[in-house]
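Trainee: Order-wise, the sequence lines are chains A and B.
Going letter by letter, the first sequence gives residues 3 to 312 in our numbering.
Going letter by letter, the second sequence gives residues 91 to 328 in our numbering.
Quick caveat, the hints were computed from the structure, so don't treat them as lab data.
Glycine included, C-beta positions come from ideal geometry on N, C-alpha and C.
Among these hints, one or two may not hold up.
[Claimed, not checked] Quick look at which bits of chain B chain A covers, simulated, 3 or more residues with Cβ under 8 Å:
id, segment
1, 168-174
2, 259-271
[As the list claims (entries may be wrong)] Where chain A lies over chain B, by a calculated footprint (3+ residues, C-beta under 8 Å):
id, segment
3, 152-163
4, 312-318
[Unchecked claim] If the Cβ cut is set under 10 Å, some of the chain B residues that face chain A in the computed set are:
id, residue
5, ALA144
6, LYS147
7, GLY148
8, LYS178
9, GLU236
10, TYR323
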Amino acid sequence: MKRYFPIIVLAVLCVLPLVGLNTYLMHIVILSVMWAVCGMAWNLLGGYCGQVSFGHAAFFGTGAYCSGILAMKFKISAWYGFLLSVPLNVAVALSMGLIVLRLRGPYFVLATLAIGEVFRIFAENVVDLTNGNLGIMIERTWVEKTQFYYIVLGLGLLAYAVVKFITESRWGYYFVAIREDQDAAESLGINTTLYKTIALTVSAVLTGFAGSFYMVYMGYIDPQIVFSLGEISILMIMVVMVGGVATFWGPTVGAVIMVILAELIRSIPRVGVAYQTLFGILLIVIIIYLPNGLVGDFPKIRRMFQRGAA
Amino acid sequence: MSLLNVDNVSIFFGGLAAVSNVSFDVEKGEILAIIGPNGAGKTTLFNIVNGFYAPSKGKVSFNGEVISGLKPHQICRRGLARTFQVVKPLQRMSVLDNVIASSFLRCDTKAKAEAVSREVLQFTGLTEDADIISKGLPLGKRKRLEIARALATGPELILLDESFAGLNPAELDVSIEIIRGIKARGITIMIIEHHMKVIMAISDRIVVLNHGQKIAAGLPAEVASNPTVVEAYLGAEH
């Protein structure tokens with residue numbers, strides 16, 4: 003049964019648009035898949051390799067601006083942004099890695115946070131290239147959601163395949179070894195700097211795809227949206243924390259929950275504007291009661307309900 | 091040519107010479123013990139040989155090639171593995187996965203890495219614990235897991251840092267057998283140890299450190315009767 007689980011999920015996702023969900027529900031599904039891609043990407047570096055990044059908005063925004071600038075400045079299809087984002091995000095990851103990967107623990111966290119903010123401020127001020135705070139508005143390719151849905155689903159599959167392949171290979175073992183003890187990993191012959199760089203780069207490229215997709219799908223970006231600390235970098239971490247750090251399905255489960263929750267809370271009158279406060283409270287609750295996330299602590303949750311029933 | 095050559099090595103932390111002008115050789119196939127009182131610089135010496143520290147002066151050569159200044163992972167690839175005094179298991183990984191992470195160094199595929207790992211676990215008597223998350227392992231077995239991981243990297247020389255500390259007599263015997271088994275495989279061993287009984291039983295030669303300096307070296311019987319060594323351990327009056 004467990005072996006067929008991914009296939010069943012895929013089949014359900016493929017036929018989902020045929021059910022005739024309304025535009026709003028399709029929008030939520032698309033956002034969920036997009037956030038699942040981000041979560042899986044972040045999880046590769048933060049979950050498996052143990053390098054907790056607070057600056058992934060840098061990659062997301064770079065991806066988004068690749069699409070946006072191509073369409074706005076060069077008048078070519080924003081879809082080429084996906085291609086452009088790869089070399090660009092590899093370059094960003096490598097130069098960022100040069101600075102942050104020599105740092106450990108809280109210093110790494112703070113350095114990534116700072117770099118994420120540097121990207122936002124850069125995008126706000128280099129007006130000639132990015133339009134600054136005016137943002138970039140492009141014409142969307144389709145009005146319908148279905149096409150976007152299949153494209154984001156493709157991205158989801160790609161991220162899934164990449165993470166699955168990596169975690170089951172030598173790289174996966176090395177990533178976890180680095181997370182658990184860098185000195186031990188190093189003395190067991192693992193080139194920790196190299197493998198951390200690989201984790202960062204793969205994570206960056208996947209995140210960049212999600213960013214490019216955001217541009218073509220939403221049709222509008224500005225630095226405070228796509229380079230946002232709270233709405234991108236931290237939300238990415240929350241997606242993984244809620245779902246389960248270093249678990250396979252955690253980011254996906256977390257993405258669905260966070261997107262739905264965000265929509266629900268925002269629709270509540272008055273309280274809605276304070277949704278970030280509520281997210282903060284949720285995060286604290288999760289850390290205390292389900293430190294391994296919903297997927298990681300699933301056995302614990304099941305026991306809780308069984309006890310409740312008996 | 092000796093397998094490992096430590097040539098006039100010193101390291102300074104601020105003004106303190108943690109290791110000063112230490113020279114010795116490790117011959118292929120032998121068990122060399124490093125002993126000395128607490129703070130003598132034994133683990134620091136290991137950290138220099140293993141590449142965590144670059145020596146301030148002097149050099150370390152392995153198989154005729156200078157390795158001081160290389161990174162630990164490069165030194166490990168050349169065939170020099172180590173264990174840690176404070177055990178550093180990859181806590182949230184199973185015992186088997188811990189060892190697989192090491193054996194990947196010399197194996198291309200996961201199947202090969204797993205085969206090598208299972209063999210090493212068999213050798214160190216950890217087969218039954220293969221699927222246990224290493225966090226839950228008792229100390230004695232964690233010490234053995236350290237040895238298993240080092241062995242899985244396929245070393246020529248293995249540095250054992252207090253692999254016997256804190257073990258009960260039964261575990262001690264198991265570990266002594268494992269060390270002898272490692273030697274029988276043709277792997278050279280350099281070991282830091284406080285258990286004199288163990289040292290006398292297994293080592294071929296002994297180097298004694300005190301205050302970062304080499305104060306004696308030789309066969310176990312010679313070292314045990316050396317007045318400088320007795321003084322360092324028990325004080326001058328004895």
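Trainee: Among all the numbered hints in the text so far, which are the ones the structure does not match?
Mentor: 2, 4, 5, 6, 7 and 10
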